[in-house]
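**Q** Sequence:
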Amino acid sequence: MTSAPIALPLTPQQRGVYFLHCLAPDSAVYNVPIVLRVRGGLDRERLCAAVDVLRSRHQALRLTVEERDGQVLQLIHSAETAAPVEVSWTRLPGADAETAAEEAVRRAAQPFDVVRGPLMRVDVVELSSDDHALVLCFHHLIIDEVAATALAGELDRLYGDPAALPAAGPEHQYADFCAGLLAEPDPAGLAFWRDRLAGMPVLPLPEEHIPEEHGLFTGDRVGFTVPEKTAARLAEVCRGHRVSEFMVFHAALLVLLHRWTGAADIAVGTPMSGRIDLRFAETVGFFQNTVVLRSAVVPEQGFAALLKTARRTVLESLQRQDTPFEAVVDALRPARESTRNPLFQAALVFNRRKVEQDWTLPGLQVQPLPFVWPASHFDLTVTLLHESGVLKGDFAYSAQRFTKSTLERVVAVFLHLLDGLLAAPDAPVGDVELMGADDLEHVLALGAGAGRYVLDERLRPLPLGFYGAVHTGDPAAGATTATGERGRFAPDGRFELWRDPAEAALAAHPAVRAAVIVQYAQDDGHETVGCVVPRLDAELPSTRELLTHLQARVPAHLVPQRIVFCAAIPTGADGRPDLDAVAELVAGCPEPDGLPDEPVDEEPRDDTERRLAGLFEELLGVPGLGRYDNFFDFGGHSLLAVRLVARVDEEFGRPLGVGVFMNNPTVAALARVLADGTTAETGGLVRLREGDGGSGGQHPLAVALIHPVGGTLMCYGDLVSLLPAGIEVVGLERVAGTHPEDTSYQDLVSRYAATLAGALPGRRIALLGWSLGGVLAHSVAAELGALGHDVALVALLDSLAQRTGEDAERMSGTGAELFALAAAVRQDGTGVLGATAEQQLLMRRFGVDLAALRETPAEQAARMLEDWGRLLGLVAECAPALPAAPVQLFLCADNPPGYPEALAASWEGLHGELEVRSVPGTHTEVLGSPAVEQVVAAFLERIERS
1 MTSAPIALPL TPQQRGVYFL HCLAPDSAVY NVPIVLRVRG GLDRERLCAA VDVLRSRHQA
61 LRLTVEERDG QVLQLIHSAE TAAPVEVSWT RLPGADAETA AEEAVRRAAQ PFDVVRGPLM
121 RVDVVELSSD DHALVLCFHH LIIDEVAATA LAGELDRLYG DPAALPAAGP EHQYADFCAG
181 LLAEPDPAGL AFWRDRLAGM PVLPLPEEHI PEEHGLFTGD RVGFTVPEKT AARLAEVCRG
241 HRVSEFMVFH AALLVLLHRW TGAADIAVGT PMSGRIDLRF AETVGFFQNT VVLRSAVVPE
301 QGFAALLKTA RRTVLESLQR QDTPFEAVVD ALRPARESTR NPLFQAALVF NRRKVEQDWT
361 LPGLQVQPLP FVWPASHFDL TVTLLHESGV LKGDFAYSAQ RFTKSTLERV VAVFLHLLDG
421 LLAAPDAPVG DVELMGADDL EHVLALGAGA GRYVLDERLR PLPLGFYGAV HTGDPAAGAT
481 TATGERGRFA PDGRFELWRD PAEAALAAHP AVRAAVIVQY AQDDGHETVG CVVPRLDAEL
541 PSTRELLTHL QARVPAHLVP QRIVFCAAIP TGADGRPDLD AVAELVAGCP EPDGLPDEPV
601 DEEPRDDTER RLAGLFEELL GVPGLGRYDN FFDFGGHSLL AVRLVARVDE EFGRPLGVGV
661 FMNNPTVAAL ARVLADGTTA ETGGLVRLRE GDGGSGGQHP LAVALIHPVG GTLMCYGDLV
721 SLLPAGIEVV GLERVAGTHP EDTSYQDLVS RYAATLAGAL PGRRIALLGW SLGGVLAHSV
781 AAELGALGHD VALVALLDSL AQRTGEDAER MSGTGAELFA LAAAVRQDGT GVLGATAEQQ
841 LLMRRFGVDL AALRETPAEQ AARMLEDWGR LLGLVAECAP ALPAAPVQLF LCADNPPGYP
901 EALAASWEGL HGELEVRSVP GTHTEVLGSP AVEQVVAAFL ERIERS
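So for the sequence shown, UniProt numbering puts the first residue at 1; every next one is plus one.
No lab work stands behind these hints: they were computed from the structure. Values in this document were obtained by computation on a predicted structure and should not be read as measured data.
Here are the simulated BS3-like cross-link-like pairs (lysine-lysine), alpha carbons at most 27 Å apart as the crow flies: (1) K308 x K392; (2) K354 x K392; (3) K229 x K354; (4) K404 x K354; (5) K404 x K392; (6) K392 x K229; (7) K308 x K229.
Given only the sequences and the hints, what does the whole structure look like? Please build it.
**A** Structural data, given as structure tokens:
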């Protein structure tokens with residue numbers, strides 16, 4: 001008779017990991033890989049036997065997780081009933097170490113099924129009979145660094161002799177540790193952390209707001225080696241100031257973060273072993289706890305004084321490291337966001353040696369196999385370790401926040417700063433140089449060329465990639481004038497102005513004409529307020545609607561405390577907002593006369609609104625939605641919008657089209673659309689925005705946006721909001737089940753051209769398309785020209801021309817894959833979507849939210865996949881014509897190496913006049929900030945010239 005598993009609540013440490021696992025179950029961020037190269041002939045049977053004994057000895061290796069009656073439990077199974085740990089063996093004869101590492105990482109990055117288990121995997125990649133890559137991968141729920149070291153020693157002994165250690169395992173097992181944690185945390189420790197961390201501000205890292213192509217916790221890292229001269233100075237400072245290397249690097253990181261962000265009150269997280277009770281010193285399991293080191297940085301203070309403070313902070317925190325991090329979070333109740341840690345954004349990890357260096361096998365040569373791990377727990381993590389007598393490290397970063405080029409600059413600055421701090425520990429930390437003479441000269445030259453300087457608070461030039469106050473004048477002569485703006489010189493030398501992300505998000509709301517964020521002084525401090533000019537042709541949104549709109553798009557600390565409406569935003573002589581005048585307006589007249597009162601009746605008013613509210617709530621899973629609640633503020637996205645439009649058609653018999661809904665995303669607005677008889681226009685045309693010439697006359701130019709593979713125009717939302725208000729904007733969409741069946745590519749292009757010509761008679765048209773939409777826009781422009789229509793410009797956003805037989809074959813093949821996937825969805829449901837890395841990459845390139853597609857009803861998802869497949873089949877027939885209009889090609893600078901060049905080459909000879917522009921980000925980031933602002937600026941400037 002087999003014994004039932006031991007059921008225990010998750011430990012506080014595990015609760016945090018499990019919560020984040022649930023946020024991103026397909027992410028590898030909480031996989032812990034050990035990647036080794038083994039020479040001398042790895043024996044498969046001996047390895048399997050050793051792994052099986054490890055599984056028997058340690059309860060944590062037999063752990064699964066289950067949600068039962070509203071509680072999350074960890075189940076510790078017996079050795080007889082636990083899922084076996086299989087040893088996978090793959091042969092790649094003749095492959096080199098880099099290929100082996102890539103294959104090893106691919107296997108290690110596969111998600112764990114925490115319900116079924118096991119939470120440990122072993123993979124072997126055989127390069128030859130005496131050369132292997134060995135990958136041991138664990139879910140973080142069951143292991144930490146100390147546990148990994150313990151397993152390394154045991155595997156070495158058991159590989160030599162499976163009977164070397166008793167199968168019963170150590171005396172003090174993981175379940176004993178968990179049982180001891182069930183009591184409430186120490187009140188004194190909790191009180192210490194509550195007091196120490198109260199009111200802690202969010203670190204304002206200058207994020208680059210890279211959107212969804214990079215999934216949650218996707219990351220990368222930039223490595224470095226501490227120069228020998230700097231390492232010698234480090235040893236001297238440690239001896240002279242009685243501090244550890246960790247304390248020095250903690251203080252240096254504080255200075256870097258202060259100089260990078262301007263913050264003076266900074267929190268840095270760091271892991272602690274969590275093994276206060278020495279009985280569990282070598283017990284396998286996840287014991288690790290995280291503590292938060294909060295420190296103040298004063299730029300006039302010397303590094304030696306900061307070291308003294310850092311030493312005290314670290315020692316005090318160590319004494320209270322047994323208070324669980326999750327208990328501290330619960331006590332402080334900070335604003336929670338799904339994409340970042342609630343108490344700190346930067347972490348510091350100091351390891352005495354690389355974990356992989358602890359792994360050995362008798363009779364074999366075992367070495368760490370370098371590999372790239374595409375994940376990051378935090379926005380920024382600095383890791384340091386000693387390897388073969390050399391001090392090395394890396395900056396791991398969130399790919400949702402930063403580009404690699406920016407982090408490469410930050411690492412260079414950190415090494416220069418570290419050496420300067422150690423060389424002159426009594427100098428004010430705000431005066432230590434951030435760059436060498438060559439870099440400084442380069443920055444000054446860029447500033448002279450741009451006619452603008454970017455300086456820190458002490459009027460020192462800032463390195464590439466660092467935001468600061470924009471000045472005019474000569475910093476070398478001490479004669480500068482602040483413009484009131486923030487900006488930077490990007491790593492590639494371009495000058496960029498900073499725009500508040502909340503301000504940009506407010507301005508993108510369909511009912512907002514303009515917006516600005518200001519701070520103004522009050523008796524009890526400063527208040528951040530969003531000042532909004534509503535559009536006269538849209539219903540006045542509620543402040544709640546706008547705040548919810550922001551909360552869905554920007555970090556919580558950037559959301560203003562309140563929003564007010566005004567008739568116009570005061571500007572200065574240069575046309576930019578006059579922030580002082582705006583602050584006076586906000587303080588003296590929060591609700592100016594002449595504007596309608598904010599809507600207060602948010603309950604659905606009639607049967608139509610109640611039925612629409614029911615559809616919103618059904619699809620969003622959010623009860624109690626009101627008239628002015630925006631569909632996209634409560635988790636709505638393009639695929640849910642497609643489903644909603646289909647449900648509206650079923651319920652009301654009205655085919656609206658996704659574009660109509662995109663412009664009317666609230667219950668009240670959609671009810672008005674149904675009442676006035678608006679329907680989707682023929683030919684897939686969507687009128688995204690009416691235009692005028694500024695004095696009531698019709699603007700001579702219209703912008704036409706062409707859909708990408710997914711068929712909707714949702715991806716262009718930010719771009720539309722940035723175009724001047726006087727320009728009419730239309731779009732062509734192609735939603736499954738709502739368009740005619742085109743029998744050839746030429747039929748499709750002719751239909752689109754005729755639709756635009758009929759909708760915009762006598763108007764100049766500028767076409768723009770992203771991805772496949774660019775291919776369509778190019779063809780439609782040529783067709784419009786043949787019809788005698790005036791085309792001002794064709795803008796192609798990261799589009800690849802379809803012109804060769806190989807292009808056609810690839811396009812047809814992808815279409816066939818989509819049809820096969822549709823058949824699989826009909827048979828097995830949407831759970832089959834994204835089963836392979838190739839599928840996931842394909843959907844990202846299409847701009848399709850894979851998680852959202854999985855939530856779509858199977859039949860509807862299958863129809864969409866088939867429709868995309870048909871479109872690709874049509875495009876495979878494309879024989880590109882030569883439009884007379886000028887062509888503007890935007891290339892994404894952060895695409896994989898060689899890809900921008902391949903895109904540019906694909907359009908050779910397919911244009912009369914070509915202008916190529918590089919913008920930051922990757923393929924799926926070009927329609928988000930900061931790239932989209934640059935796209936619109938260049939697009940408008942080129943139209944003016946034409």
